[in-house]
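Novice: Chain by chain, the residues:
Number of protein chains: 2
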Amino acid sequence: MILYGHWRSLATYRVRVALNLKGIKAQVREVNLLTKEHLEPAYRAINPQGLLPALDDGKGQVLFQSLAIIEYLNDIQPAPPLLPSDSRARARVRALAQVIAADAHPLIVPRVRDYLERQLGLDEAARMNWIKTFALPALETIELNLAAEPSAGAFCVGDSPTMADILLASHVIGVSFFKLDLKAFPLVRGVYAVCSALPAFAEAYPLRQPGAPASL
Amino acid sequence: MILYGHWRSLATYRVRVALNLKGIKAQVREVNLLTKEHLEPAYRAINPQGLLPALDDGKGQVLFQSLAIIEYLNDIQPAPPLLPSDSRARARVRALAQVIAADAHPLIVPRVRDYLERQLGLDEAARMNWIKTFALPALETIELNLAAEPSAGAFCVGDSPTMADILLASHVIGVSFFKLDLKAFPLVRGVYAVCSALPAFAEAYPLRQPGAPASL
Chain A
1 MILYGHWRSL ATYRVRVALN LKGIKAQVRE VNLLTKEHLE PAYRAINPQG
51 LLPALDDGKG QVLFQSLAII EYLNDIQPAP PLLPSDSRAR ARVRALAQVI
101 AADAHPLIVP RVRDYLERQL GLDEAARMNW IKTFALPALE TIELNLAAEP
151 SAGAFCVGDS PTMADILLAS HVIGVSFFKL DLKAFPLVRG VYAVCSALPA
201 FAEAYPLRQP GAPASL
Chain B
1 MILYGHWRSL ATYRVRVALN LKGIKAQVRE VNLLTKEHLE PAYRAINPQG
51 LLPALDDGKG QVLFQSLAII EYLNDIQPAP PLLPSDSRAR ARVRALAQVI
101 AADAHPLIVP RVRDYLERQL GLDEAARMNW IKTFALPALE TIELNLAAEP
151 SAGAFCVGDS PTMADILLAS HVIGVSFFKL DLKAFPLVRG VYAVCSALPA
201 FAEAYPLRQP GAPASL
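Line order of the protein sequences matches chains A and B.
Taking our numbering, the leading residue of the first sequence gets 1, the next gets one more, and so forth.
Taking our numbering, the leading residue of the second sequence gets 1, the next gets one more, and so forth.
Chain A on its own, in the form it takes in the complex (with noise of 0.2 Å):
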C-alpha cells in the first residue's frame, strides 16, 4: 500500500494512527501541504479531490476520506477492531468520530484559513477568533458525552482504541498547534494521554514525520 500525506495533515495523522495500530506497513509518498502540491495535476490524478491523505492498495481508484479509509481498514483487516462490536456502541464511536471530521476539522484547515486571510483580510486575532468559535465545541460535545457514559476502559467506548480516539487524538493535537486552552475538557485531556502513550499514536504524531520541523 502507498500512503499518500504529509507530515502537516492531521487527517493523514488519522490514518497513520490506524495502519499504526493495525500492524499494517505503508510505503509513504509525501505530498507537502505547505506548497500546496496537493493541488497540482500530479497529485490531483492520483486524487482528483486533491485532499490528504489517499491511499493506493493498488486495486482500483484511490482510496480517499480519512474516516471511510480507516473504515476500509478495518473492515479488511478485523483485529484489533477500531470499531466496538455492539451496534450502538459502534454508532457512538461514529459520532464522535463525526463531531470532529464534520463539525470542527473542516472549519480551521489550510483552505479555510487561508480565505479568511487573503479573501476576507481578517488579521490573526479574528483568525484565532474562528479557529476558537468553531474548532472548541466539538471538544466541550464530546466532554460532555464521556461525562454522560463513562467509558470501562482509558479510551472513549471501551476499553481499547477506536477511530472516535483517532479522532478526538487528531482535534486535540490540532487545536494545541494553535495553543487553544484544554482545560476545560479532563476527559478529553485523560483520553488524548493515554492514546499519545501509545506507540501507535506516539509514532504517528505530526512533528516525529520526515520533514517536519522540532517544534511549531
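For the record, the hints were derived by calculation from the structure and aren't laboratory data.
Incorrect hints may have been included.
No copy is singled out in the list; a pair is fine if it fits within one copy or between any two copies.
As the list claims (entries may be wrong) - Simulated crosslink set (DSSO-like; lysine-lysine; CA at most 30 Å straight-line):
{"hint": "1", "residue 1": "Lys59", "residue 2": "Lys179"}
{"hint": "2", "residue 1": "Lys36", "residue 2": "Lys132"}
{"hint": "3", "residue 1": "Lys36", "residue 2": "Lys183"}
{"hint": "4", "residue 1": "Lys25", "residue 2": "Lys179"}
{"hint": "5", "residue 1": "Lys25", "residue 2": "Lys59"}
Owing to the predicted nature of the structure, the values given are computational and were not obtained by experimental measurement.
Starting from the known structure of chain A, fit chain B onto it as the hints suggest.
Specialist: Relative to chain A, chain B alone:
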C-alpha cells in the same frame, strides 16, 4: 423511535431518507432551526451538541450525527443495504458521503453563515462567494469520481441507493436553495434525478415536511 429534526435541516433530511428506504417508522419531533430552538436547554438535554438530527431509540443516550445514525440503521436492519457488501465499494460510498458531510456541508450551515454575517459583517454577495467556494468543489469531486468509475446502475455505486446517494441528494438540495448553477455536474444531476423520483427521497424532501413553506 423518535426523530428530532426540522424541515430545513439537511442532515435530518438524510436520516428521513434512510428511515424511508428501510421502511422504519419514526415519530417526528420538530425542533425549530429558524428560531434556534436547537440551542435551547430543552433540546440540549436531549442532544448536548445542540445540532439536528437526533434519534432516540429508547435504549440509552440518543443517537446523533446523521452518518452515524444511517450506519446504525443499516446495522440493525441490513435490508435494503445502504452500503455495498464489497469492502472497496463500501469505502467508496463512505468517501463520497464524507466529501459532502465533512468537506462541504459544514462550511455552509446556519451557524457559519450567521458568523459570516454578524461577526464578520459580510454582505450577501460576499456570503454567496463563500458558499460557492466551499459548496461546489464537493460536487466536482463526486462528478470526477463517477466519471472515473461509471456505476453499473443509476446510482453513485451499484444499482440501488446507498449512503452516498443520500448525501449527494442532501447537498444538491442545499446548493439549490442558494440557487447555485449545477450545469457543470451532469452525472451528479443524473443521480439526483433518479433519487428524487423515488418515494423514499421525495417524501423526505424538506419543503414537503410539516411547517415548511410552499417554496423558498
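Novice: Evaluate Lys36 and Lys132 at a C-alpha cut-off of 30 Å and name the case that applies: within, between, both or neither.
Specialist: both (25 Å within a copy, 21 Å between copies)
Novice: Between copies, within a copy, both or neither: which fits Lys25 and Lys59 at Cα up to 30 Å?
Specialist: within (17 Å within a copy, 40 Å between copies)
Novice: Cα distance capped at 30 Å. Does Lys59 pair with Lys179 within a copy, between copies, both, or neither?
Specialist: Neither: 41 Å inside a copy, 39 Å across copies.
Novice: Between copies, within a copy, both or neither: which fits Lys36 and Lys183 at Cα up to 30 Å?
Specialist: Classified as between: cross-chain Cα gap 28 Å, same-chain 34 Å, threshold 30 Å.
Novice: Go through the copies and call it for Lys25 and Lys179: within, between, both or neither, with a Cα cutoff of 30 Å.
Specialist: neither (32 Å within a copy, 46 Å between copies)
In summary, the numbered hints that this structure violates are 1, 4.
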